[in-house]
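Participant: Here is what each chain is made of, one letter per residue.
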Amino acid sequence: MSIEKREPPRIVATLAFRVGGSTNSTHIADAVAQIWSEAAFALTPIIGQEGVAALLKRSLHLSSSAHAWLSIAPPTVSKPIDLETLKSLIAGQTALEATAGSSALFLQFYGLLTTLIGPSLADRILESAWVDPSSGETAQDPSL
Amino acid sequence: MNAKVKINRLATGVPGLDEVLGGGLPEFSFNLVAGPPGCGKTTLAHQIMFALATPERPALYLTVLGEPPLKMLRYQQQFDFFDNEAINRSVRFVNLGDDTLEGNLDQVLNRIVAEVETYSPALVFIDSFRSVVLSGTSPADPPNDLQQFMQRLGMIMTSWQATTFLIGEYFTEIDTNPVFTVADGLIWLRQSVQRNSMVRKLEIMKLRGQATLPGLHSFRITNAGINVFPPASAALNTDQQNGADIVRIPMGVPRLDEMLGGGLPRGYSLLVAGPSGSGKSILATAFLAEGARLGENGVFAAFEQRRHRPRSGALMDLIESDRVGLVDTRAPDLSIDEVVVLLRTQIRRLKATRVVIDSLSGFELALAPTFREDFRESLLQLVSALSAEGVTVLLTSELEDRYSDLRFSPYGTAFLTDAIIVQRYIEVGSRLRRLMAVVKVRASDHSDELREYTINDSGICVGEMLPDQEGLLGGRPTRKHNADDTSQIAYLRKPAGNS
Numbered sequence: 001m002s003i004e005k006r007e008p009p010r011i012v013a014t015l016a017f018r019v020g021g022s023t024n025s026t027h028i029a030d031a032v033a034q035i036w037s038e039a040a041f042a043l044t045p046i047i048g049q050e051g052v053a054a055l056l057k058r059s060l061h062l063s064s065s066a067h068a069w070l071s072i073a074p075p076t077v078s079k080p081i082d083l084e085t086l087k088s089l090i091a092g093q094t095a096l097e098a099t100a101g102s103s104a105l106f107l108q109f110y111g112l113l114t115t116l117i118g119p120s121l122a123d124r125i126l127e128s129a130w131v132d133p134s135s136g137e138t139a140q141d142p143s144l
Numbered sequence: 001m002n003a004k005v006k007i008n009r010l011a012t013g014v015p016g017l018d019e020v021l022g023g024g025l026p027e028f029s030f031n032l033v034a035g036p037p038g039c040g041k042t043t044l045a046h047q048i049m050f051a052l053a054t055p056e057r058p059a060l061y062l063t064v065l066g067e068p069p070l071k072m073l074r075y076q077q078q079f080d081f082f083d084n085e086a087i088n089r090s091v092r093f094v095n096l097g098d099d100t101l102e103g104n105l106d107q108v109l110n111r112i113v114a115e116v117e118t119y120s121p122a123l124v125f126i127d128s129f130r131s132v133v134l135s136g137t138s139p140a141d142p143p144n145d146l147q148q149f150m151q152r153l154g155m156i157m158t159s160w161q162a163t164t165f166l167i168g169e170y171f172t173e174i175d176t177n178p179v180f181t182v183a184d185g186l187i188w189l190r191q192s193v194q195r196n197s198m199v200r201k202l203e204i205m206k207l208r209g210q211a212t213l214p215g216l217h218s219f220r221i222t223n224a225g226i227n228v229f230p231p232a233s234a235a236l237n238t239d240q241q242n243g244a245d246i247v248r249i250p251m252g253v254p255r256l257d258e259m260l261g262g263g264l265p266r267g268y269s270l271l272v273a274g275p276s277g278s279g280k281s282i283l284a285t286a287f288l289a290e291g292a293r294l295g296e297n298g299v300f301a302a303f304e305q306r307r308h309r310p311r312s313g314a315l316m317d318l319i320e321s322d323r324v325g326l327v328d329t330r331a332p333d334l335s336i337d338e339v340v341v342l343l344r345t346q347i348r349r350l351k352a353t354r355v356v357i358d359s360l361s362g363f364e365l366a367l368a369p370t371f372r373e374d375f376r377e378s379l380l381q382l383v384s385a386l387s388a389e390g391v392t393v394l395l396t397s398e399l400e401d402r403y404s405d406l407r408f409s410p411y412g413t414a415f416l417t418d419a420i421i422v423q424r425y426i427e428v429g430s431r432l433r434r435l436m437a438v439v440k441v442r443a444s445d446h447s448d449e450l451r452e453y454t455i456n457d458s459g460i461c462v463g464e465m466l467p468d469q470e471g472l473l474g475g476r477p478t479r480k481h482n483a484d485d486t487s488q489i490a491y492l493r494k495p496a497g498n499s
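Sequences listed follow chains A and B, in order.
If you read the first sequence in the numbering used here, its first letter stands for residue 1, the second for the next number, and so on.
If you read the second sequence in the numbering used here, its first letter stands for residue 1, the second for the next number, and so on.
One thing to keep in mind: the hints can contain errors.
Said to hold, decoys possible - Distance ranges between label pairs, derived from CB positions:
1. B:Asn223 with A:Ala66: 49 to 59 Å
2. B:Gly38 with A:Gln49: 25 to 35 Å
3. B:Arg208 with A:Glu7: 48 to 58 Å
4. A:Ala16 with B:Gly23: 13 to 23 Å
5. B:Gly23 with A:Glu127: 21 to 31 Å
To be verified - Which chain A residues face chain B? A few, computed with CB under 10 Å, are given here:
6. Thr44
7. Gly48
8. Ala54
9. Leu86
10. Ile117
11. Gly118
12. Glu127
Unchecked claim - Residues from chain A that face chain B, not an exhaustive set, calculated with beta carbons under 8 Å:
13. Pro45
14. Gly51
15. Arg58
16. Gln93
If you're looking for bench data, these hints aren't it; they were derived computationally from the structure.
We put the beta carbon where it would ideally sit given N, CA and C, even for glycine.
Take the sequences, apply the hints, and build the full model.
Facilitator: Given below as structure tokens:
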């Protein structure tokens with residue numbers, strides 16, 4: 001899947017911002033889990049928990065070709081992805097690989113979402129998760 | 001004191017639907033959009049939602065089991081009305097799938113109410129409502145549970161001042177379904193399939209508090225969304241001219257106006273019937289060109305049997321300069337109402353006073369088979385609707401020359417038009433020559449002459465009668481036997497029988 005965008009998607013930028021130059025893989029794993037939860041929080045009301053879980057599973061599968069350690073998708077359809085497992089896998093990598101693999105995962109996820117519903121609507125839905133990546137904060141309520 | 005409640009009617013944003021609904025959708029009504037899969041229920045709901053939703057009047061779209069929301073967003077986005085900017089501003093999608101998977105009706109109701117209380121929407125859509133009912137009912141539920149659920153849902157939604165739409169797959173409308181009983185409005189969508197053609201139809205089976213237009217109304221789904229075609233107005237123009245104050249308009253063909261008694265009365269419909277190549281389209285173009293010359297705009301509706309047939313340069317110039325609007329729909333399976341909407345749009349856009357329909361034969365073929373059965377009735381509707389617009393109409397009709405009988409249209413529709421011109425070929429001196437006659441001009445004197453005419457680069461030239469010939473309508477005239485005519489030559493002796 002080719003993703004051509006001049007700027008990295010906001011989800012990837014947010015990860016880069018929060019991780020900074022961290023060399024601590026556990027810190028990176030926490031940031032990934034946090035960002036994923038924020039994205040899921042924005043998406044779940046609209047597409048349901050199962051829809052979000054399916055997107056994560058597919059993103060992991062797509063990223064695992066370049067980062068084999070990400071192939072943790074459970075074999076059954078109904079079983080959700082265990083975020084703790086994902087965290088421990090990231091924490092087990094070098095900081096460089098953890099960052100590269102996590103960025104690839106988010107890039108695949110964003111690419112998948114935009115392929116399905118288009119970049120405009122994807123950004124519109126996800127914008128409530130991160131108003132501005134440099135703020136480092138989760139948006140509380142964009143309408144306020 | 002007259003303090004009756006006034007019901008606001010919401011403009012649905014679906015072209016033609018408000019007219020069919022009888023003036024829009026009543027505010028706070030509880031409606032069911034029903035029909036079989038693929039008939040356009042979700043599209044109709046989205047189109048109404050995006051048209052009505054504003055930050056002050058937000059909409060909540062609850063998705064339940066059925067079409068996965070990701071796919072719904074993917075496909076609905078293809079329509080022009082889908083506005084990404086509105087999402088999470090004036091339009092909010094909420095998926096109830098997870099909660100309704102194993103719930104009972106009470107749980108479902110509580111979840112819906114919780115969402116409504118959270119967002120205070122003015123518009124609520126539940127898609128698909130049938131999934132709600134199926135997921136919420138179990139064999140253990142008493143049979144009147146659904147009835148109670150519906151009544152409570154209806155009451156809660158109305159008290160929260162939400163105009164509600166339940167979208168559901170229902171196949172038969174004769175079920176004694178409590179959903180139908182409680183609903184204020186029942187919009188039924190259908191796909192009518194006949195042989196290889198499919199026509200979408202919509203019916204307002206019920207709408208409390210207002211008079212809707214009864215019957216099935218055809219609609220079409222394009223990239224712009226749904227377009228409903230309300231019935232062509234059969235109301236006759238009340239300003240029908242009486243004989244004394246007929247205003248006549250020139251046809252653009254010298255001497256033809258004389259034959260019509262001074263031109264064609266304005267607002268009349270004229271049928272030009274003749275065989276292939278007799279110059280019907282040339283006459284029609286002259287009619288429009290004459291209008292343009294006098295500052296009148298026109299509309300040309302092309303229903304040619306062969307597409308891509310080159311049009312005359314004069315007609316193309318008129319179309320390109322927008323003096324004549326072109327209706328040239330290639331859409332399959334047209335309905336008469338759709339054609340009238342297309343014509344009316346052009347007529348009103350250009351304030352046109354002259355309309356040409358070329359030809360009735362092509363028009364009949366363009367209609368969906370289901371409407372061809374009532375072609376005479378359809379034509380009457382078309383002519384009446386155009387008459388109500390106050391335009392003068394010229395219709396061409398391909399008429400195979402049949403010399404054994406005198407017919408003006410293959411449909412038995414000649415009585416529908418106010419005036420008729422017939423064109424024919426005759427054989428004289430081993431040449432095909434053309435004749436034209438005015439058969440009828442309602443409430444007006446007109447010529448009874450059979451005039452020869454020719455067609456050259458400048459158009460139609462009406463010539464003289466052929467007084468030395470007789471039997472012209474038989475196609476093979478003979479020279480009259482005058483006392484001083486010794487030649488006794490008949491141009492062609494008519495053989496026996498010509499059926």
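Participant: A separate judgement is required for each hint: does it hold in the structure or not?
Facilitator: Tested hints:
At roughly 38 Å, the beta carbons of asparagine 223 (chain B) and alanine 66 (chain A) sit outside the given window of 49 to 59 Å. Separated by about 28 Å at the C-beta atoms, glycine 38 (chain B) and glutamine 49 (chain A) satisfy the suggested range of 25 to 35 Å. Taken as a hint, the range 48 to 58 Å holds for the pair arginine 208 (chain B) and glutamate 7 (chain A), whose Cβ atoms sit roughly 53 Å apart. A hinted range of 13 to 23 Å for the beta carbons of alanine 16 (chain A) and glycine 23 (chain B) is inconsistent with their spacing of about 56 Å.
Restraint check, glycine 23 (chain B) to glutamate 127 (chain A): a C-beta distance of roughly 39 Å breaks the suggested window 21 to 31 Å. Of the supplied interface hints, the one on threonine 44 (chain A) holds, with its beta-carbon coming within about 8 Å of a beta-carbon of chain B, less than 10 Å. Because the beta carbon of glycine 48 (chain A) sits about 4 Å from the nearest beta carbon in chain B, less than 10 Å, this interface hint is met. Annotation: alanine 54 (chain A) was flagged as interfacial toward chain B, and the flag holds, the nearest CB pair being 8 Å apart, inside 10 Å.
With a cut of 10 Å, the hint placing leucine 86 (chain A) at the interface with chain B is violated, because the nearest CB-to-CB distance is about 21 Å. A least Cβ separation of about 5 Å between isoleucine 117 (chain A) and chain B falls short of the 10 Å threshold, and the interface hint therefore holds. Interface restraint check: glycine 118 (chain A) against chain B, minimum CB-CB distance 6 Å, threshold 10 Å, status holds. With 10 Å as the threshold, the beta carbon of glutamate 127 (chain A) comes within range of chain B, its nearest partner Cβ sitting at about 8 Å, so the hint holds.
At its closest, the beta carbon of proline 45 (chain A) sits 5 Å from a beta carbon of chain B; the interface hint therefore holds under the 8 Å criterion. Checking glycine 51 (chain A) against chain B by beta carbon gives a least distance of about 6 Å; that is within 8 Å, so the hint holds. Nearest Cβ of chain B to the Cβ of arginine 58 (chain A): about 11 Å, over the 8 Å cut. The hint is violated. Given hint, glutamine 93 (chain A) at the interface with chain B, is violated; its Cβ is 30 Å from that chain's nearest Cβ, farther than 8 Å.
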